[in-house]
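These protein sequences, in sequence, are chains A and B. Anchor point for the first sequence: position 52 equals 52 in UniProt numbering, and the numbering is continuous, going up by one each time. Anchor point for the second sequence: position 102 equals 102 in UniProt numbering, and the numbering is continuous, going up by one each time.
If you are wondering where the hints come from, they were derived from the structure by calculation, not from laboratory data. Certain hints may be false.
In silico lysine to aspartate or glutamate, EDC-like type, Cα no more than 16 angstroms apart, as pairs [said to hold, decoys possible]:
hint, chain 1, residue 1, chain 2, residue 2
1, B, Lys-63, B, Glu-101
2, A, Lys-41, A, Glu-8
3, B, Lys-21, B, Glu-54
4, A, Lys-55, A, Glu-18
5, A, Lys-41, A, Glu-23
6, A, Lys-69, A, Glu-23
7, B, Lys-63, A, Asp-59
8, A, Lys-69, B, Glu-93
9, A, Lys-69, B, Glu-101
10, B, Lys-46, B, Glu-101
11, A, Lys-55, A, Asp-9
12, A, Lys-55, A, Glu-8
13, A, Lys-55, B, Asp-64
14, A, Lys-69, B, Glu-89
15, B, Lys-46, B, Asp-64
Here the structure is a predicted model, which means the values were calculated and not measured.
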Amino acid sequence: MMHPKTIEDLLREGLPCEHLTVEGDGHHFEAVIVSAEFIGKNRVQRQQRVNAVLKGHFDTGVLHALSMKTLTPEEWSAQRG
Amino acid sequence: MDVQALINEQVTGNPVVLYMKGSPQFPQCGFSARAVQILNACGVNKFFSVNVLENPEIRAGIKDYANWPTIPQLFVNGEFVGGSDIMTEMYQEGELQKLLEGLADAA
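Just chain A, with the same shape it has in the complex (with noise of 0.2 angstroms):
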């Protein structure tokens, strides 16, 4: 069991955001996560960039479930209108 905290931190480590959140009941979590470094990339490189970060958690299976949506800071924004 995991907290969303412990995954919020790991990927403030591993990855520089401008926004992140992560929400979560320890088994299911859903994140939204800003990132410049997703600029020219597409929706599966940037997911995987992200899995990089978590990578050793998924193996052990102790993160099987994280929805993700991932977004450059301009795609943030336009989506906030």
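Take the given structure of chain A and dock chain B to it, following the hints.
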């Protein structure tokens, strides 16, 4: 046959392939259920599916094949498309419908 070669044969030999937990009729995970629902909503009712719960070697091997750690995984025409988040986003944007055009009942 080694498992990577087997996966390669499955994804290149079938136009639409979904690696999932359970079967399209009885998905055993919410994310896999959502993936099936989205395919159906795109008009794809017949597709090649692999139940990774019954195939532990594929379950392990598929994570390396596309460098993707989670199930479900969708492949169209041999290309890795994404997991359930990406399928949802692409469906909402109308991109998945385009990608799957002409592939209804493709199994």
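Numbers of the earlier hints that this structure fails to satisfy, in rising order: Violated: hints 1, 2, 4, 5, 9, 15.
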